Each structure stands twice: as C-alpha cells, then as structure tokens.
Amino acid sequence: NAGVTQTPKFQVLKTGQSMTLQCAQDMNHNSMYWYRQDPGMGLRLIYYSASEGTTDKGEVPNGYNVSRLNKREFSLRLESAAPSQTSVYFCASSELGANTEAFFGQGTRLTVV
Amino acid sequence: GEDVEQSLFLSVREGDSSVINCTYTDSSSTYLYWYKQEPGAGLQLLTYIFSNMDMKQDQRLTVLLNKKDKHLSLRIADTQTGDSAIYFCAEAGDSNYQLIWGAGTKLIIKP
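Line by line, the protein sequences give chains R and U.
In terms of this note's numbering, the first sequence is numbered consecutively and its last residue is 113.
In terms of this note's numbering, the second sequence is numbered consecutively and its last residue is 111.
I should point out that these hints are in silico values taken from the structure, not numbers from a laboratory.
Keep in mind that this is a model prediction, so the values were computed, not measured.
It cannot be assumed that every hint is accurate.
What the hints assert, rightly or not - With a straight-line cut-off of 27 Å between C-alpha atoms, the simulated DSSO-like cross-links for lysine-lysine are:
1. R:K9 <-> U:K106
2. U:K110 <-> U:K36
3. U:K56 <-> U:K70
4. U:K67 <-> U:K110
5. U:K56 <-> U:K68
6. U:K70 <-> U:K106
7. R:K14 <-> R:K57
8. R:K57 <-> U:K36
9. U:K36 <-> R:K9
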C-alpha cells in the first residue's frame, strides 16, 4: 500500500529559483496538508485542503502556493525560494479533518543556498 | 494563542519505562495524539485519547490525560532500542483542520 507519496525526496535550490513539491494519496482521503519541520519547532502547517476544490492558509503560508489538483493530489509551490525556506516538508492526508488520523509522506529535504 | 509544549530530549535505559510529557493550552481540545517519527521517515500515529477519557492503555503504551492541568503523558513500558524516535504530542483544538503540534521529544535509549 503506497499511502502518501511525496516527490522529490531531496532538493537543492538556489535563491530565487522555483519548484513544486508533489504529493499524492491513494486512501480516498478528503483532507490534505503541507507542513514544514524545523529543528526544535515541531510541525508548522503551511496550507491545507479540507476537501477537493478548497485550500486554506495555515500558520506559515508566506512564500508558498498550493493546488489541490484533484482528490488524490496536492502540490506545494515555492515561487522564489529563500534560504529561510530550507526545511523538511511533509505532506499528510486524513479522512476528514483534525479529528481523524493523519497519514504522512516520507518528507522532502529542501536546501536553499 | 494555542500552544503545545514538550521537552526536547529524554534519555532512558533499555528495559526501563519512558515517560514523555506534554502540556497544552486549548481547553476545547477534542482529541490529543501521540505521533512517532523514526529517523528519516514521516510521522505515524502511535495512539490517541479522547478528551473525555483519563487514561488509555494499549499494550506497552499508557496515555494519561489530566484535563485540569492540561497535561498529557505517554508511558512506554520496557523500553526497547526500537523505541528510539521523536515523539510528538498534538491536539485538535478550535479548528476542524489544524492540529497544534509540540516540538517533539527525542527518546534516547542507553544500553
């Protein structure tokens, strides 16, 4: 069972470059999330999609955009990468919101130089 | 605002019990979760407790919830090397879609 699949696993960008992180889930979940994980800070929510066709800002949305392409896929775009966006990014999905179990992808380690 | 706090590290001897603590601020929390993150991997749900419960036991895991003090703990009995990981506490607060996460406690097992 694939669960939540993220690509790529690793990426190095130069300041100002753009990229899109891809995420797909095969569990027919309604809700999907993008988090960043920084040392000593836990997980911070960047954007979420409560259901297909909707997206909302989380705690730290600046510098990011998202697209809920269909029920399975939720992508995160960095339009102009900055060193402050160096982090590990996790995509997650849940059946319906915060009161249901979240399933996480393996993470993308992004370095912006 | 809402906040969840945990110690960053806990070191225990193999075979001893580990107790990881968490405090939260949102009294309206419905579910409180413990997630486990092994090195290089995503997070996986370990266990959870509903806010109207005081205790939940699942094999080697015991979760205690003190709603008055807004304190949550995870006890791992007979800690093994495979328990080495980062343990995150999270609460489902006011928002239906946003979990509030602690910084994670790294559990270090000494032989």
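For this session: Decide if the proposed pair is consistent with the structure: K14 (chain R) and K57 (chain R), CA atoms, cutoff 27 Å inclusive.
Result: With Cα atoms ~25 Å apart, K14 (chain R) and K57 (chain R) stay inside 27 Å; holds.
Problem set entry | K67 (chain U) paired with K110 (chain U) [C-alpha distance capped at 27 Å] | violated (32 Å)
Exercise. Going straight from one Cα to the other, do K56 (chain U) and K68 (chain U) come out at no more than 27 Å?
Worked result: Within the cut-off at roughly 17 Å; holds.
Exercise. Between K110 (chain U) and K36 (chain U), is the straight-line Cα distance small enough, at 27 Å or below?
Worked result: holds (19 Å)
Exercise. Would the pair K9 (chain R) and K106 (chain U) pass a check requiring their Cα atoms to be no farther apart than 27 Å?
Worked result: holds (23 Å)
Exercise. Is the hinted pair K57 (chain R) and K36 (chain U) satisfied, with a Cα-Cα distance of at most 27 Å?
Worked result: holds (25 Å)
Exercise. Given the proposed pairing of K56 (chain U) with K70 (chain U), does the C-alpha separation stay at or below 27 Å?
Worked result: Holds. K56 (chain U) to K70 (chain U) sits at ~16 Å (cutoff 27 Å).
Exercise. Can the restraint linking K70 (chain U) and K106 (chain U) be considered satisfied, given a maximum Cα separation of 27 Å?
Worked result: holds (21 Å)
Problem set entry | 27 Å limit on alpha-carbon distance, applied to hinted pair K36 (chain U) and K9 (chain R) | Judged against 27 Å, a Cα distance of about 20 Å means the pair holds.
When held up to the earlier numbered hints, the structure conflicts with hint 4 and nothing else.
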